[in-house]
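*Asks:* Protein chains in written order, with numbering that gives the first Met the number 0: chain A, 0 to 200; chain B, 0 to 304.
With a Cα cut of at most 25 Å, we get these calculated DSS-like pairs of lysine-lysine:
id, chain 1, residue 1, chain 2, residue 2
1, B, LYS94, B, LYS109
2, A, LYS40, B, LYS56
3, A, LYS171, B, LYS172
4, A, LYS171, A, LYS111
5, B, LYS302, A, LYS111
6, A, LYS147, A, LYS191
7, A, LYS146, A, LYS69
8, B, LYS109, B, LYS145
9, B, LYS101, B, LYS145
10, B, LYS61, B, LYS277
11, A, LYS69, A, LYS138
12, A, LYS40, B, LYS77
13, A, LYS191, A, LYS143
14, A, LYS40, B, LYS76
15, B, LYS277, A, LYS111
16, B, LYS296, B, LYS154
17, B, LYS77, B, LYS277
18, A, LYS191, A, LYS69
19, B, LYS277, A, LYS40
20, B, LYS61, A, LYS40
21, A, LYS171, B, LYS76
22, B, LYS76, B, LYS277
23, A, LYS10, A, LYS66
24, A, LYS146, A, LYS191
25, A, LYS171, B, LYS77
26, B, LYS154, B, LYS94
Sample of chain A residues with no beta-carbon within 10 Å of chain B, all distances over it, derived:
id, residue
27, THR61
28, PHE90
29, ASN135
30, LYS143
Covered by chain A, according to a simulated footprint, are these stretches of chain B (three or more residues, beta-carbon under 8 Å):
id, stretch
31, 58 to 72
32, 170 to 180
33, 266 to 274
Just so you know, the hints here were simulated from the structure itself, not pulled from any lab data.
Note that the coordinates shown come from a computational prediction; the quantities given were computed from them, not determined experimentally.
Built from N, CA and C at the ideal position, the CB exists for glycine as well.
The chain contents come next:
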Amino acid sequence: MFSTKNFNRSKPVLFILILFPSLLWAFQFVTGNLGVNPIEKLMDELGLMALRLIIITLMITTLSNIKSIKSIVVLRRMIGLFAFYYVCLHFSTYIVLDHFLDMQFIIQDIIKRPFITFGFISFLFLVPLASTSTNNMIKRLGFKLWKKIHYLIYPVAILASMHFYVLVRADKTEPVIYMGIIILLLLHRIFKRLTRPQLAQ
Amino acid sequence: MKILGSEITPYKIYLNRRKFIKGSLASAMLATFTSSAFANHDSDLSIYTKNLNENDKLNSYKEITTYNNFYEFGTHKKHPHLNSGNFKPRPWTIKIDGLVKKPQTFDLEKILSNVTIEDRVYRLRCVEAWSMVIPWQGFQLSELIKIAEPLSSAKYVQFVTVFRPEEMPGQQKRTIIWPYREGLRMDEAMNPLTILATGLYGHEIPNQNGAPIRLVVPWKYGFKSIKSIVEIRFLDTQPETSWETLAPWEYGFYANVNPNVNHPRWSQGTERRIGEFKRRETLMFNGYEEEVAHLYKDLDLTKFY
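Isolated chain B, as found in the complex (with noise of 0.2 Å):
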């Protein structure tokens, strides 16, 4: 499975785009204008097409918006859309500290002005064995991590979601324990593969999506892949994290896609794309085998699932 080279736009041609965005749309909307990703997908949908895996269709902008997995805003799948126009997602900082340099908060827009945002297209495998194309825009969280400037003893990264009872309902119901907790190996954290999102089909990311700012890891588990991102922490230790906590022998720490490895529930052989009728065979490492597979090359993966 290919992705990387081609699957990148150049941040220069984004640059451009946004030459064009800035000089096609209204003044006012100028103004809110910021350097998180914006691009205009709407002229031109061959920036993600061609990208795309020959097997994979683009998911449309209505499924990957109105069908998500984010209990903050409520457990049906539909409650994130409806339940998430209160969440204010501006101003935002991130905290940055653990076993770090020096230990900061600092604001999104200038994290976003000292990185390249660009165009990734992945598929996204719930661990509910349902799945989606999703053409992303961010920036690989490795250009954050040279930025926080970790420690050498720093070996996993810890990620938190904010906490905002009173904008995000779900977060009133101890569903889970909150705030929600997600957390990657250094050199996971690393790869490539790996970004941080802060807009979707051109767009900011939309609420539900996990405004402002999420991670991204296409060859694990969506359940990984931690929204609304307001805290990284550096640790030496593995970090907790929420459904591990909640459900340790359902769910693991690494939570890589393994058609292999079956959830105790149900089989994760096969998925549903969202918008096709029959399922297909999930992959190994959701594709991504030959990006990923030497990361795991000494762990054994019914044990570490």
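Isolated chain A, as found in the complex (with noise of 0.2 Å):
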């Protein structure tokens, strides 16, 4: 049995674990150790982090529902947010280096490139999440109402997974494993509200 305190006690290691990446990265990058094109893989890198803390995220919520780490659950919010700050890296990365503010050709590859789209979208549905993250913010709107606000992080991973998938040229494999782990999830939450109706009301 693992308790709250235990989850909790364990914040300080996974914030400074979650946090290192984005660290070495940018170190890299500034020493010019990132490799050939740099500013390829710190994109790459970025949103591929920020990809699976979304499934993490995901998979805290499934997780909670065994017993014995039922408290799992006070770690979703701090991933949550390190989901949404990998994201915001990869998009100023996005916008700042690879394209140098540029705007009028980034707001044209927003508009004309599906994946692109997909990525962005993604990112807009986070900005709600990730504002309305605090204890204050979940009182002043209501359980209910913040709980809906935050369905919208299936949207979220399922754009973003498709993102990553229309990315790549050949060999999806990486991109489909993600979706399908999306997809279980959600068919999981699925299958937990049909077969226990009595119970939500």
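Two independent chains are provided; combine them into the complex using the hints.
*Replies:* Okay, here's the thing in structure tokens:
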């Protein structure tokens, strides 16, 4: 049995572990150790990290159905906010480093290229999630409304994985694995709802 | 964009340089010397830089050999460099068949002793919107076509990459349909810019760059420049090509570098030159408009992309 306390205690360690890659990549970027095409590499790593964190937040909700690790849900907010952190870094790398603030080009890119559209919408949907992540916000909005807003994580996850899927030229194994996990996690939620309607009321 | 003339080192100079190498290197190395391109770049880099366009800078040997698309060795850019160690580029033969006077298989050494090896510094523009400037050594494809003696009915040339899954781990997985195939129209193949490269920076071409012999068509996206060629076929109809077969809505047979025709998933208007911070504008036909635009004057390039 793991208590809330156990999970809370792991937070500082997790915080450093999840933050660390971004610091490492930033350091490698500045010192010229991020390979031959560093901007592309930085953008890819940040985006992949963001997608993985989004999937982990979904997993946490599912895992919290298991009684003995129910309290794992206390980690969700931090990981979710880190997902947003990595998405922001990923998006700013695209805007600043990849396209050097060429807004005309970027807007065209977002409108015309489906995979960038997916990624951009996914980012937009994450904004309300991140900005309503405090306890105070839950109180102000009421849990019901807050929860509704946070259902946005589903389209976020689907769009983010599609963003990755469409980007890959051949060998789509990795994005397909992520999509598969997301679909399984969503199916589990639907299954739960359908099988326990009485409890929901 | 001037390319020809000044960018070609006369064979005489090349031979002289080879003599210099022969005189200066250990005899053990000499034993492995063949007539393939092998010039000494370290002693005189200006061989290449003097051929550069004023806006271009040579990419480093490291950049050119550690960042590759060669799915036979894996789909990541670093895979060809990391996974190509077991590949054996010698001995090597090239089968020439289809519409030729006499189908036959040539030893690579034999081909190389019958052609003129030149230095060619070319821009390479990948369909993924990055680019490099690469000093190749090789010979004009037209020279090999003369040796092959195609029939007048031959309108296209098809190229096939070697299939050796035990040496090329990427081929153990069906990411694309192996072996890799590419093709050119006969007039494209005969264009003086089109070369078969056997050297890079004065070294034998490394495995990850398409050893021992690869095509270089500088006005087309990089995937047209097929690597590790074992077969050249002359045909009267347009051959199937690997990327076009895989995703015809994204990759066409022609694959000419064209900033005005976007890839459905990204813009082709700009590119990142490896080693540079800001993107640059992509040039029509990768800057080789003068030399090749006439080949396509009757072609709708938005349709035949």
